[in-house]
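Work out the full structure, taking the sequences as your base and the hints as a guide.
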Amino acid sequence: MRAGLHTKLNILSVGWMGIVFFLLLFLSVYFTSQSARELNSELDERIAVLLNGLVTSSEFPILAGDRETLSRLAEGAAAQKDVVFCCIEDAHGIPIVKHGREDESATRAFIVPVVTTHHGRGEEEGLMLGAPEGIKEEIGRVHIAISLSGLRQKVSSVRNTAAVVSLVILLLVSLAGSLLLKTTLSDPISTLVRGTERIAGGDFEHRVRVGRNDEIGALAASFNTMTEKLSRTLVSKQYVDNIIESMIDSLIVTDLEGRIQTVNRATLDLLGYSQSELAGKSVASLFQEDQLGGLDIDELKSGPGISNAEKAYLSKDGRSIPVLFSASVIREEDTIRGIVCVAQDSTESKRAKEALQAANEELASAVGKLEEANRELKDLVYIASHDLREPLRKISSFGRLLSDSLGARLSADENENLYFMVDGADRMTKMIEGLLTYSRVSRDESPFEAVDLNQLVEQLRGIDLSGLIEDAGATVDVPDPLPRVMAHPAQLSRLMQNLIANGIKYCREGVSPRVLVRAERISCDRIRVEVEDNGIGIKEEHTESIFVMFKRLHPRNRYQGTGIGLAVCKKVVEKHGGHIGVESVVGGGSKFWFTISAANDPALVLQ
Amino acid sequence: MRRLVRLLVTIVLFLVPLCAEASERVRILAVFSTEMSAYREAWSGFQSHLLDKGVPVNASKYVLKADDATVPYSEMPGEGPDILVAFGSRAAKLAAGRAKDIPVISCGIVNPQEVSGSDRTGVSMEIPLETKLLGIKKMLGGAKRIGLLYSPETRTTYRELSRKCDERGFSLVAREVSSNAELSTALDEIAGKIDCFVMISDTRIYSAVSVKHLFRRSFEDGFPVVGLSSVYTRAGALFSFDCDYEELGRQAARIALRILAGEKPGDIPVSGPRRTRLSINLLAAERMGIHVPPWVLKEASEVFGR
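If you read the sequences in order, they're chains A and B. Each position in the first sequence, counted from 1, maps to that position plus 2 in the numbering used here. Each position in the second sequence, counted from 1, maps to that position plus 365 in the numbering used here.
One should not assume that every hint holds.
[Stated by the list, open to error] Residues on chain B that point at chain A, a partial pick, calculated with CB under 8 Å:
1) A403
2) G453
3) R455
4) A546
5) L548
6) T550
7) S566
8) Y571
9) S572
10) A573
11) V574
Source of the hints: derived by calculation from the structure; they are not laboratory data. Glycine included, every Cβ here is placed at the ideal spot set by N, Cα and C.
Encoded structure:
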């Protein structure tokens, strides 16, 4: 039977008490014997002093035969403590005087000779000068008996005292020792044991409080740390278990031979098996065909594993379930522990994929048709625009001819009508030209190239718009160098020309038009170009509609134009993959902006 | 060779005076009965006197051991001593056997009669009775009755003291005892009849224990004791006389000179000490109500109990 800590400590305490007991016993015996020796010695000393005095005092009385004095001496000696008998004898051993009881038991007898000294004949000089006497003569004896009962009583008393003191010390030491063991060892260890039991029972929040600063305290601290880590581990494990169970995908863990060890809920739901039915089963048997038969552990070990391979599981009821299958080995340091297989049910995705594929095919067909239609439309627009211009040109030229030739013979109304006709034809021509331009923008598939905006603006300022600039007294400024952009040079030129021209054209009365051209890099490959004027501005509600084809905000008699310029600008910008917009304040000018790809040059922040 | 002869002659001539001088020294052997300071003082006085007199002495000393039965003359180098000085009775008795061929001077003896004879002489250390009686007169002016205990060995001293007491107007109250055992009884008899007590040198009567008893009775019964020496004064006697031991030695040296001058030792009578020293115990005096005159105190060599 296993002995508990308390039992062992109790045994230890008993053993310790035994040692202390024997130690105290030894000390008691030693102390008692020492005391007995001391008492004996004290008694002997006292009796020796008594005897010495008695011998000295009785020397002359013995010599002089003074019985009276001797009797007094003997009586006085017999009256001393512990002395029960005193006898003074002569040189022949015949008692001269005696007092007390000689036969008393438990006595110790002392017999001391009484010796007198004197000078001999011829030693008168020694007598005179006080020299030591050379002749010793025993003239009698002093006989004393002392009772040992007093001594024995004292020894007994000492022994009893020693025993009691030893017992008390033993009890105290035992109590102290037990208490000490209990508080220093037993209790903390019991606390630790209870702590482990609680933790084994699942209470991972429990912490051991020992409150010690020694090895026990260190053990408790380590225990708490271990519990914390275990708690975290279990929480992590629980967390991971929850994750695994919560997985939508199937998770199967096998050993190195492919025998199933662990499956998650998703696997059971997917295949229709129970946990026990799958445990130990070969994972290869789950596949519709022997698709795992070729699974090479060595390949898995050395390679990256299988990732998203299209396989098919076989459910319990025989259904084929398409899955995206992945597998890899489970490594623990350098040791392979097993294989983990994850399979995603790809039934829906397969269907969706097939549907998507079908939709894509339809879409592709529609796109093809639309593109065909678009190409036909573009061609129609171009052809129509181009072909329509000829008749309009004729109407305009012949109308002018008629006005020139018949102008004097026609009435004012007739001349006005003829003017309207020619003007209308001219306007139509311009509109068609605008359409053509718009159409060309769409049709032009030539590749982009790097265009220096500085050069482009300079060309517009110096050549294409020089007349307009001069007539309007306008200025076109470029405060900072402009970057290079990826664009179709002609289209970009058209765009910039339209924006700058608008800025000059839509000026305020009495204010010289001023157009600023700026650019800034807004991302690693995008440039924002701004064309700002000090013109009449645009109302907020028109900032979107002005980019619609043929949209005009002002009558032709105020500002010339077909209303297609900004539409063309927008088309060009969209062709270049950018965006266009305007920020404007009525009476405060407008800022037209567009974004375009930057050429592969180091960026220059222009603002 | 000549040089060697010259050297030898020089050495001989140098040594001869030394040898001659050595042969003129008086060989003196001092024999001590026991090693006592009194004997040493006397021996010192003896040698000093001879030296003062310009007598070259070759002296040696021997202290008798307890089992010595004779004086070992072999201790003396050469032919033996010219004079033997025996300090103490025992030495004197042991030396007496050779008195015929070696003059023996006994110094520091108590019983001169033991060493008197035609071939012996000496100096006694026994304090003259007159001196003691004179001291009693000085110290105890009114004391008339003197107590004495004696034994058969000291009857002679008793008779002498008795005669001197009669001469000087003292009354001697004496008792003969055979041993110190009878001392107490004898004192019982005379204690109430005496004004003072005189001790004489008697080994039969006096031992340490009997002397202690004597002094206790002296205090109890109020009779002062005249002791044998300053040792007794210190122990409780009212006063005692001691010899001047150095002077004693000088006296012996004078005798030696006389012997060396040709006198026979037997012709030179044994003399007593010329100079004595007084010792007084003031405590004993105070206890017995005795007033010691200041002029007497001035004479004392030792005063105990100041």
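Tested hints:
For the restraint placing B/A403 at the interface with chain A, the shortest Cβ-Cβ distance is roughly 5 Å, inside the 8 Å limit, so the hint holds. A distance limit of 8 Å between C-beta atoms decides the matter here; for B/G453 the minimum to chain A is near 5 Å, and the interface restraint holds. Checking B/R455 against chain A by beta carbon gives a least distance of about 6 Å; that is within 8 Å, so the hint holds. Satisfaction of the interface hint for B/A546 is found here, the shortest Cβ-Cβ separation to chain A being roughly 4 Å, below the 8 Å cut-off.
Of the supplied interface hints, the one on B/L548 holds, with its beta-carbon coming within about 7 Å of a beta-carbon of chain A, less than 8 Å. Interface restraint check: B/T550 against chain A, minimum CB-CB distance 7 Å, threshold 8 Å, status holds. Against a cut-off of 8 Å between C-beta atoms, the interface hint on B/S566 holds, since the closest Cβ of chain A lies about 4 Å away. For B/Y571, the suggested interface contact is upheld, since its CB lies about 6 Å from the closest CB of chain A, less than 8 Å.
The interface hint given for B/S572 is met, as the beta carbon of that residue sits about 3 Å from the closest beta carbon of chain A, less than 8 Å. For B/A573, the shortest C-beta to C-beta distance to chain A is roughly 6 Å, which falls under 8 Å, so the interface hint holds. Look at B/V574: its Cβ gets to within about 5 Å of chain A, closer than 8 Å, so that hint holds up.
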